[in-house]
Amino acid sequence: MTTAPSTTEVPAPRRGGTSGRRRLVVVGNGMAGARTLEELLARGGGEMFDITVFGDEPYGSYNRILLSGVLAGDDDEEGIVLNPREWYADNGIDLRCGVRVTGVRTAAREVVDATGAVTPYDVLVLATGSSSRVPPMEGVRRADGSLLPGVTGFRGLDDTRGLLDAARAHERAVVLGGGLLGLEAAHGLRRQGLDVTVLHSPAHLMNQQLDAAAGAVLRTSVEGTGVRVLTGTRASAVTGTDRVTGVVLPDGSHLAADVVVLTAGTTPNTGLAEAAGLDVDRAVVVDDRMRCGGAPSVAGASPTDGVYAVGECVQHRGVVYGLVAPLWEQATVLADVLTGADPTAEYRGSRTCTKLKVAGVDVAAMGLPAPELPGDELVVVAEPSRGVHLSAVVRDGVLVGATLLGDVSRTPALQQAFERGLPLPERRLELLLDLGGGAGEGDVADLDDDAPVCSCNQVTKGAITGAVAGGCTSVKGVMDATRAGKGCGTCKGVVGRLVELAADGALTEDPSVHWYVPGVPLRKDELVREIRERRLLSVSAVFAALAPGGEPDAKSSMGLTSLLRTLWPEDFEDERGGRFVNDRVHANIQRDGTFSVVPQMKGGVTTADELRRIADVADKYDVGMIKVTGGQRIDLLGVRKEDLPKVWEDLGMPSGYAYGKSMRTVKTCVGSDFCRFGLDDSTQLGIDLETRFQGLETPAKLKMAVVGCPRNCAEAYVKDVGVVAVGKGRWEVYVGGAAGASVRKGDLLATVGSAEEVITVVGRFVQLYREWGNWLERTYDFVPRMGLDRLQKVLLEDAGGLVAGLDADLEQAVAAYRDPWQEGREPVTPGQFRTALPLVPLPLVPRRAAGAPGGTSVADIGSDLAAAAAGPAGGAA
Amino acid sequence: MSALAGVAAAPGHLAVDVGPLTDFAVGEGRAVVVAGRQVAVFRHADDRLSALDAVCPHAGGPLADGQVDDRVVVCPLHLAVWELRTGRSCSGQEDVAAHAAEVVDGRVLVRLGG
Chain A
1 MTTAPSTTEV PAPRRGGTSG RRRLVVVGNG MAGARTLEEL LARGGGEMFD ITVFGDEPYG
61 SYNRILLSGV LAGDDDEEGI VLNPREWYAD NGIDLRCGVR VTGVRTAARE VVDATGAVTP
121 YDVLVLATGS SSRVPPMEGV RRADGSLLPG VTGFRGLDDT RGLLDAARAH ERAVVLGGGL
181 LGLEAAHGLR RQGLDVTVLH SPAHLMNQQL DAAAGAVLRT SVEGTGVRVL TGTRASAVTG
241 TDRVTGVVLP DGSHLAADVV VLTAGTTPNT GLAEAAGLDV DRAVVVDDRM RCGGAPSVAG
301 ASPTDGVYAV GECVQHRGVV YGLVAPLWEQ ATVLADVLTG ADPTAEYRGS RTCTKLKVAG
361 VDVAAMGLPA PELPGDELVV VAEPSRGVHL SAVVRDGVLV GATLLGDVSR TPALQQAFER
421 GLPLPERRLE LLLDLGGGAG EGDVADLDDD APVCSCNQVT KGAITGAVAG GCTSVKGVMD
481 ATRAGKGCGT CKGVVGRLVE LAADGALTED PSVHWYVPGV PLRKDELVRE IRERRLLSVS
541 AVFAALAPGG EPDAKSSMGL TSLLRTLWPE DFEDERGGRF VNDRVHANIQ RDGTFSVVPQ
601 MKGGVTTADE LRRIADVADK YDVGMIKVTG GQRIDLLGVR KEDLPKVWED LGMPSGYAYG
661 KSMRTVKTCV GSDFCRFGLD DSTQLGIDLE TRFQGLETPA KLKMAVVGCP RNCAEAYVKD
721 VGVVAVGKGR WEVYVGGAAG ASVRKGDLLA TVGSAEEVIT VVGRFVQLYR EWGNWLERTY
781 DFVPRMGLDR LQKVLLEDAG GLVAGLDADL EQAVAAYRDP WQEGREPVTP GQFRTALPLV
841 PLPLVPRRAA GAPGGTSVAD IGSDLAAAAA GPAGGAA
Chain B
1 MSALAGVAAA PGHLAVDVGP LTDFAVGEGR AVVVAGRQVA VFRHADDRLS ALDAVCPHAG
61 GPLADGQVDD RVVVCPLHLA VWELRTGRSC SGQEDVAAHA AEVVDGRVLV RLGG
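Protein chains in written order, with the UniProt record's numbering: chain A, 1 to 877; chain B, 1 to 114.
Here chain A stands alone, though its shape is the one from the complex:
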């Protein structure tokens, strides 16, 4: 990349204009030049510069993209005007309409035009655009070098008018080039009643954007409109002397034509720049600030001082753009640079997405049309009979290209994934289709404002669109403002699409989505490195060292507490305020402020003595409900906070960790002792696993199961870690399964030959998850993110050399285990178990009738209900 050796961004006036302002000359009044002017004015450029604009065409500015609409009769000329000539006068811009610039004298800083006039500049912007490429064809030019009448490009308003005139007088047209522009021209001419043939030398239409299969589908659709398509051939000669009569194909055949349209590529207009000594490769070379480059002259004067270029005539980082979106981005950067509105503005190139209707067919294309490298993944959905062909190219888990033909409803989501490298759905087909579950694009737009979107937090569509209207333009911002998607999370997709829809292209991404916790702007790996290097042992130390302004953040402390306990199993300095209430009192808070108590019951195995103690405790403390959990334990619900220590003492059983972001429980089936199908002792292995991993904090809750045969009675296939006996002492270890808000069968990580090996492999996986998993990231997201291949290489083949460290770290964490219910004997903080709702008669949750299933035997339901109905006593207004 050449960088202009300019020291000052915008040189001061050397000669001083009449107004004392700097003189800005723009050469070219097309899409890029005109847009640059608008952006300049929007930044106060009108007061900074005396502006002169040269335009070849005798018009103000107009929207070139809509010329195909004019040709097809869908738009009229007035409808495509961007800024009429008066606009220039009104804004004090000197528009030299229809005046061609013939030279730039960089040393003297002036331009010379076709009228012979000389115009000095302090800043020069080249926006000379591009021209239709004229393919090498015998007879296409006359002796004077001009094109044979009837042969025309399709670039400007005059071309379009010429084509419309020709359509009235003639019958047959040949369009050379079946790309975007060619198909637009063919469609328009066909609509004007001409007999149209498209000649396209590559093997399929729109080959720059589409793969062969999509090109074939498009061809069928185009031919369906009555346009003839010939691919894999070209015109070798043009016939006719005074006016074109047709083209000759390489095989010698002749296609009669009254009009020949050149749409086989464009050539950037670089003549002026080349003559001025500026760097020109395929186009005018610019740097990230849109500055032109060029070697200084012998005299040492640089030809590039104050010279910029923008638009289709520009080559930036090796790329020449032909679509409008990049030109607009360039114009914005250039205006920022020239006016100083954003002194750091830089153009870094564009990831282009083409969205258009070609010959009446919706097309959206971005990035690669087809796989390029051996590892590239191609996802395709084709319905040729409906003219639908959808494809996506995925490289290393990132979307690098997508083509949608006939159905472009997924474009916004794909464009976002493409431009920002967002994580992709595990089921790749979901890139192209809405599969089950969530509402589709159309459905989302059709929802009523009072339609519930997040049932966990009772958020309606109206609340979400209202948040966007109120200024939230990121999905995370809206989720924070409305709490939508913050419950079970299953509606996140719909929330995202609604925000996208409501933001209408102005969607932003909150950078904090990549941070481990919202209050510390670091990814997990960065955060871990800082914590280790600075030896930060407490949550407050992390905030002080790493949070912006050293500011603590309540929403971040729980995640940090978990991480610090993982990183410093022994040295962690506990701050109780950093814990969620569940982790302060080792029980799960319920909707009425009471708690649920789940004693440990390893592998779901208990004894008569334990059951008696549980029953006695339930009676003594008047628990609201006794419930057998999904994890094969017994839950005592409705325990008062102040009773927790006594309940634990009376139970005499360790905590079951049913409240933490930690290893919860290991479910088992009855295994081989009693079951006539059991292949191995799943019950004992479950107990051993639970003993090993009890209480370990993990990024999100972690559930395990062990089954004695593939009948899977304890549902091991859908656990974070599932172990399945397959006979002869062998066990399969599955990871990343889930049967909650998401349902996913785990991936088979390994098949091993002993229970000891199961414990080793599971330990390595759990420790890797502890160290690499993001906060609240369940294994069903973690495993696909890592990739099963990578997990196997790291954990089984030790490809990363991590295994010894994982084993050692886990050993240390296991050794640091201490049953938290021991804290009941000696509270850690004053009032640790003091109720937080002193005046509310608890419990407010309706009790089950005494003696009824789940109800206790001694509760006096009458007095409880009366107390609850009385509500908060006193003046808690």
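Among the hints, a few may not be true.
Only part of the chain A face toward chain B is listed, based on derived beta-carbon distances under 7 Å [said to hold, decoys possible]: (1) Leu66; (2) Arg483; (3) Gly549; (4) Ala554; (5) Ser557; (6) Glu575; (7) Arg576; (8) Gly577; (9) Ile589; (10) Gly824; (11) Pro827; (12) Thr829.
The hints are simulated quantities; they were obtained by calculation from the structure and are not laboratory data.
Yeah, the Cβ is synthetic: ideal placement off N, Cα and C, and Gly gets one too.
Got chain A sorted already, so can you dock chain B onto it with the hints?
Showing chain B alone in chain A's frame:
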């Protein structure tokens, strides 16, 4: 100080003694009764105190069991957020009343606001 303890008259005008500072754990909240009203009192790391109504207006959650930083409290039930100084909701719920709390001679005094 002790003369103030438990005095229920004229809420909003009298400071009520709700116990020794040592009853309040740093970084945590405790629920107390002030003139018949439930108030969540939070002790910050610098021994500054914040006080809000103790019941979240969204679903009756116990705010004293919430997590705090210097600015806000997060309700433990549905993670709704209120500003400690003003009681203003940061997550679209109703506001709660904020109260004045301070330490005098090692005792925590709360004066009802709004």
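Does the nearest C-beta of chain B fall within a distance shorter than 7 Å of the C-beta of Arg483 of chain A?
holds (6 Å)
Can the hint on Ala554 of chain A be confirmed by a CB-to-CB distance to chain B that is less than 7 Å?
holds (4 Å)
Mind checking the CB of Thr829 of chain A against every CB in chain B and telling me if the closest is under 7 Å?
OK, holds: Thr829 of chain A within 7 Å of chain B, min 4 Å.
Is the interface hint for Glu575 of chain A satisfied, with its Cβ closer than 7 Å to some Cβ of chain B?
holds (6 Å)
Classify the hint on Ser557 of chain A as holds or violated, based on whether any CB of chain B lies nearer than 7 Å to its CB.
holds (6 Å)
Can the hint on Leu66 of chain A be confirmed by a CB-to-CB distance to chain B that is less than 7 Å?
Result: violated, 43 Å to nearest chain B Cβ.
Should the interface hint for Ile589 of chain A be scored as holding, given a Cβ-Cβ cut-off of 7 Å against chain B?
holds (5 Å)
Would you check whether Arg576 of chain A satisfies its interface hint, that is, whether its CB is within less than 7 Å of any CB in chain B?
holds (6 Å)
Restraint satisfaction for Gly549 of chain A [CB to CB of chain B, less than 7 Å]
Result: violated, 10 Å to nearest chain B Cβ.
Could you check if Gly577 of chain A really has its C-beta closer than 7 Å to a C-beta on chain B?
The hint holds - Gly577 of chain A has a Cβ within 7 Å of chain B, the shortest such distance being about 2 Å.
Can you verify the interface hint for Gly824 of chain A: is its Cβ closer than 7 Å to any Cβ in chain B?
violated (16 Å)
Let's test the interface hint: is any C-beta of chain B closer than 7 Å to that of Pro827 of chain A?
violated (9 Å)
Comparing the model with each numbered hint stated earlier shows that hints 1, 3, 10 and 11 do not hold.
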